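Number of protein chains: 2
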Amino acid sequence: MSGAPAIAAAEQEPGSTVVLHPGIDGAGTVRRTVLPGGLRVVTETMPTVRSVAFGIWAGIGSRDEDLADAGATHYLEHLLFKGTPRRSALDISAAMDAVGGDLNAFTAKEYTCYYARVLDADLPLAVDVVSDMVTSSLIEEADVEAERGVILEEISMRDDDPSDLIHDEFAIAMYGDAPLGRPILGTVDTINALRRDGIARYYHAHYRPPNLVVAVAGNVDHHRVVELVGRAFEGHLSGAERPARPRVGGEPTPALGGGARVIADDTEQAHLVLGVPALARHDDRRFALGVFNAAFGGGMSSRLFQEIREKRGLAYSVYSYTSQHCDTGSFGLYAGCQPAKVDEVLEICRQEFAKAAARGLSAEELERGKGQLRGSTVLGLEDTGSRMSRIGKSELVYDSLLSVDEVLARIDAVGLDEVNALARELLEQRPTLTVIGPFEGREFTV
Amino acid sequence: MSGAPAIAAAEQEPGSTVVLHPGIDGAGTVRRTVLPGGLRVVTETMPTVRSVAFGIWAGIGSRDEDLADAGATHYLEHLLFKGTPRRSALDISAAMDAVGGDLNAFTAKEYTCYYARVLDADLPLAVDVVSDMVTSSLIEEADVEAERGVILEEISMRDDDPSDLIHDEFAIAMYGDAPLGRPILGTVDTINALRRDGIARYYHAHYRPPNLVVAVAGNVDHHRVVELVGRAFEGHLSGAERPARPRVGGEPTPALGGGARVIADDTEQAHLVLGVPALARHDDRRFALGVFNAAFGGGMSSRLFQEIREKRGLAYSVYSYTSQHCDTGSFGLYAGCQPAKVDEVLEICRQEFAKAAARGLSAEELERGKGQLRGSTVLGLEDTGSRMSRIGKSELVYDSLLSVDEVLARIDAVGLDEVNALARELLEQRPTLTVIGPFEGREFTV
Numbered sequence: 000m001s002g003a004p005a006i007a008a009a010e011q012e013p014g015s016t017v018v019l020h021p022g023i024d025g026a027g028t029v030r031r032t033v034l035p036g037g038l039r040v041v042t043e044t045m046p047t048v049r050s051v052a053f054g055i056w057a058g059i060g061s062r063d064e065d066l067a068d069a070g071a072t073h074y075l076e077h078l079l080f081k082g083t084p085r086r087s088a089l090d091i092s093a094a095m096d097a098v099g100g101d102l103n104a105f106t107a108k109e110y111t112c113y114y115a116r117v118l119d120a121d122l123p124l125a126v127d128v129v130s131d132m133v134t135s136s137l138i139e140e141a142d143v144e145a146e147r148g149v150i151l152e153e154i155s156m157r158d159d160d161p162s163d164l165i166h167d168e169f170a171i172a173m174y175g176d177a178p179l180g181r182p183i184l185g186t187v188d189t190i191n192a193l194r195r196d197g198i199a200r201y202y203h204a205h206y207r208p209p210n211l212v213v214a215v216a217g218n219v220d221h222h223r224v225v226e227l228v229g230r231a232f233e234g235h236l237s238g239a240e241r242p243a244r245p246r247v248g249g250e251p252t253p254a255l256g257g258g259a260r261v262i263a264d265d266t267e268q269a270h271l272v273l274g275v276p277a278l279a280r281h282d283d284r285r286f287a288l289g290v291f292n293a294a295f296g297g298g299m300s301s302r303l304f305q306e307i308r309e310k311r312g313l314a315y316s317v318y319s320y321t322s323q324h325c326d327t328g329s330f331g332l333y334a335g336c337q338p339a340k341v342d343e344v345l346e347i348c349r350q351e352f353a354k355a356a357a358r359g360l361s362a363e364e365l366e367r368g369k370g371q372l373r374g375s376t377v378l379g380l381e382d383t384g385s386r387m388s389r390i391g392k393s394e395l396v397y398d399s400l401l402s403v404d405e406v407l408a409r410i411d412a413v414g415l416d417e418v419n420a421l422a423r424e425l426l427e428q429r430p431t432l433t434v435i436g437p438f439e440g441r442e443f444t445v
Numbered sequence: 000m001s002g003a004p005a006i007a008a009a010e011q012e013p014g015s016t017v018v019l020h021p022g023i024d025g026a027g028t029v030r031r032t033v034l035p036g037g038l039r040v041v042t043e044t045m046p047t048v049r050s051v052a053f054g055i056w057a058g059i060g061s062r063d064e065d066l067a068d069a070g071a072t073h074y075l076e077h078l079l080f081k082g083t084p085r086r087s088a089l090d091i092s093a094a095m096d097a098v099g100g101d102l103n104a105f106t107a108k109e110y111t112c113y114y115a116r117v118l119d120a121d122l123p124l125a126v127d128v129v130s131d132m133v134t135s136s137l138i139e140e141a142d143v144e145a146e147r148g149v150i151l152e153e154i155s156m157r158d159d160d161p162s163d164l165i166h167d168e169f170a171i172a173m174y175g176d177a178p179l180g181r182p183i184l185g186t187v188d189t190i191n192a193l194r195r196d197g198i199a200r201y202y203h204a205h206y207r208p209p210n211l212v213v214a215v216a217g218n219v220d221h222h223r224v225v226e227l228v229g230r231a232f233e234g235h236l237s238g239a240e241r242p243a244r245p246r247v248g249g250e251p252t253p254a255l256g257g258g259a260r261v262i263a264d265d266t267e268q269a270h271l272v273l274g275v276p277a278l279a280r281h282d283d284r285r286f287a288l289g290v291f292n293a294a295f296g297g298g299m300s301s302r303l304f305q306e307i308r309e310k311r312g313l314a315y316s317v318y319s320y321t322s323q324h325c326d327t328g329s330f331g332l333y334a335g336c337q338p339a340k341v342d343e344v345l346e347i348c349r350q351e352f353a354k355a356a357a358r359g360l361s362a363e364e365l366e367r368g369k370g371q372l373r374g375s376t377v378l379g380l381e382d383t384g385s386r387m388s389r390i391g392k393s394e395l396v397y398d399s400l401l402s403v404d405e406v407l408a409r410i411d412a413v414g415l416d417e418v419n420a421l422a423r424e425l426l427e428q429r430p431t432l433t434v435i436g437p438f439e440g441r442e443f444t445v
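Here the protein sequences come in this chain order: W and L. Per numbering that gives the first Met the number 0, the very first residue in the first sequence carries number 0; after that it's consecutive. Per numbering that gives the first Met the number 0, the very first residue in the second sequence carries number 0; after that it's consecutive.
Just chain W, same shape as in the assembly (with noise of 0.2 Å):
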């Protein structure tokens, strides 16, 4: 286990840089550097690797906008790739495509992100056009109006996939109009309203140094990115400001108290999701939900799937999932199945919450969900792309960086005790239910 500095990125000093973790043999050394301005430059090297995924983070989502407002930070994330005053969208995506390069982004309640995925080679052009893009981006009225056509086909996609729409009917069961409820891609009417100028306003607001993180993890050499990202960001880092510090937490947004939410549509199968609030990120016992997670609804192995689906074949997909804000989190379950076995189905998950409160695991399931975290983990560490999230998304929102090695002594120390308790802390509270399916006029109760 490496003993990583416990320096925040708004610590230290601008100009230099520190090993956040040293790493083995030269794979897996972390380093931050801060530029003049603020930006921060996190790298993480895979020298086996021919890749590199190279993002840059805003810590920015939709959970910062105003009501009237709703949508405006990925309707933003659309228009930084509509052109700069170097590039038309055209030159953009053409520039990536010609080298099979992997050029997205994806908005969520709390940060943004631009990535892309490239062979080490052309480190130098993804570095120029992501951060073109994000430092750059011109936001003109006939993009914003082009691009709202797009981002209401993406709402009705959306609203074509009951399994996806759920978990955002789910937010607002949850936490109501409150920022944290409403969905990320906004509303019809909210993307309706929305204007260039707003939105512009937006833009420069929140997408300066302080508040951007690079990451980039690949075969790459730490000074050699900084040097490239210091030549891209020319003209935009100066000034004495430090790096913003991880977004704080205060009062969590009061989750409404249970309840059901039904939405009544025409569809084949009923999808439900019953959740309970949870922890927030930087919460200590988040390894414990981990654990439980996994043994209670995360493998083929768990509570949740044994009994629902290998004993019954009442759904093909259930699963549990917990997520995580800087205020507050939850702690849920999916499950799809026939509309005439809903009541079936969730007096299963009710009595199978009601267990878990009362006896919490056993021993057994302990340690499965133990090894399974910890196999996950680092399964899901061998790409470039996973390992840049990982550093980028930790630099935005904690204070300190965890090595993967950390990660799995936390995941190794988590008690019986700790679980169960936790379980039962959580689980005993009343639930929030939301039921997608073929239910006009029918009350759930929870």
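In short, the hints are calculated from the structure, not lab data. Possibly wrong hints are sitting among the right ones.
What the hints assert, rightly or not - Restraint-style ranges between C-beta atoms, simulated for each label pair:
1. 140/L with 362/W: 31 to 37 Å
2. 87/W with 350/L: 18 to 24 Å
3. 203/W with 414/L: 47 to 53 Å
4. 377/L with 248/W: 39 to 45 Å
5. 423/W with 23/L: 51 to 57 Å
6. 21/W with 233/L: 42 to 48 Å
7. 283/L with 203/W: 49 to 55 Å
8. 358/L with 281/W: 56 to 62 Å
9. 220/L with 248/W: 46 to 52 Å
10. 204/L with 320/W: 38 to 44 Å
11. 248/W with 379/L: 36 to 42 Å
12. 320/W with 21/L: 41 to 47 Å
13. 192/W with 120/L: 53 to 59 Å
Just so you know, these numbers come straight off a predicted model, no measurement behind them. A virtual CB, placed ideally from N, CA and C, is assigned to each residue, including glycine.
Knowing the structure of chain W, use the given hints to seat chain L on it.
Frame of chain W, contents of chain L only:
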């Protein structure tokens, strides 16, 4: 470029091992051993990773079914997870969950694959569990009944996702009730009609060593893998049989010759696929088709993306694709758009087909398409799972396995005249259209 010996597995001496590709510095070495009874073991070394992907491929797919058995191959795939004399279903899943392994399977029209991805130290476990499932499934009556429900749920889930369903509907439009036209999942009626004995007979007839390929990629030693597989298949490897030859094409499945299939449904978007018959798997022009596909609708700089999404904002998801079988194949495009815009989108698609048929690609598009295909080929082969899939599937369907360098050389060799002659030949055919959307009573012409 390595000189691969053009020896097919069926001609290889049982008990012997050949090096199909030497690799470089111990990486990328591909070896094949033919075991007694005709079982093949192919491995590719990736000494710098910590994981291994272990797969068993069976040369049996949904197109091998009789009409009355439609869905039997996929049903069987599910049943192989349900237990053997040595392991219950829970034993199988718990063994893999305990080490965080990823155990899964998929069924295609011409093959079925079972695979596990685990840390390299857990290879013996993966070999034992997956081999046990494939060689010794019990296929018990009670499991057949429970799993029937799961498969009916899987069908309903597919029906709830029109962007998935459209591809099954297109196959029906293209090939009618010929085996290639039928959905891999079967239908509600055929699944309800399938009985334990029929499925078990199907299993014993097709899951025989000459028809199986064991494929492994990662941090492995070939001879150690052969030893483990030999032990796991003990009692199943005897006789003088040789590995089965790749499936032979014969007369192509006739395409129905164009026309429109409309599935009226209350969806938010209109989902459409427009396609034509294209190349069979062994056609040497498949590399030219790959380049054409990249330039036509494969990336963000492609014609389809630019015309439909970038310039006009008419769709979020729009792309072209190719599919290859032993006797025939198809080239098509997908778009999801507002129902009110379906005629406009369809008109653009038709025009792009016509333009590409008449004038082909430009030299610049050709180069970009080649770069895209080269880059995405290399970037897509960095993980153990994709390497395992490449060698396993190739061993099953081709007489010889190209090295990655050979694939890249074939892409490089594609010429403009070849691509444009192919585009003309394919796109001058009358296309087949499939549309899902709120189009009750409406007719479409192609």
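Hints and how they fare:
The beta-carbon spacing between residue 140/L and residue 362/W, approximately 34 Å, falls within the hinted interval of 31 to 37 Å. The hinted range of 18 to 24 Å is satisfied by residue 87/W and residue 350/L, whose Cβ atoms lie roughly 22 Å apart. Taken as a hint, the range 47 to 53 Å holds for the pair residue 203/W and residue 414/L, whose Cβ atoms sit roughly 48 Å apart. For residue 377/L paired with residue 248/W, a C-beta distance near 43 Å keeps the hint of 39 to 45 Å intact.
One distance hint, 51 to 57 Å for the beta-carbon pair residue 423/W and residue 23/L, holds here, with the actual separation near 56 Å. The hinted range of 42 to 48 Å is satisfied by residue 21/W and residue 233/L, whose Cβ atoms lie roughly 46 Å apart. For the pair residue 283/L and residue 203/W, the beta carbons lie near 54 Å from each other, so the given range of 49 to 55 Å is met. Separation of residue 358/L from residue 281/W is about 59 Å and conforms to the stated range, judged on CB atoms against 56 to 62 Å.
For the pair residue 220/L and residue 248/W, the supplied restraint of 46 to 52 Å holds, since their beta-carbon distance comes to about 50 Å. Look at residue 204/L against residue 320/W: about 41 Å separates their beta carbons, and that is inside 38 to 44 Å. With their beta carbons about 40 Å apart, residue 248/W and residue 379/L fall inside the hinted range of 36 to 42 Å. For residue 320/W and residue 21/L, the hinted distance range of 41 to 47 Å is satisfied, since their beta carbons lie about 45 Å from each other.
Judged by the Cβ atoms, the range 53 to 59 Å given for residue 192/W and residue 120/L holds: they are separated by roughly 56 Å.
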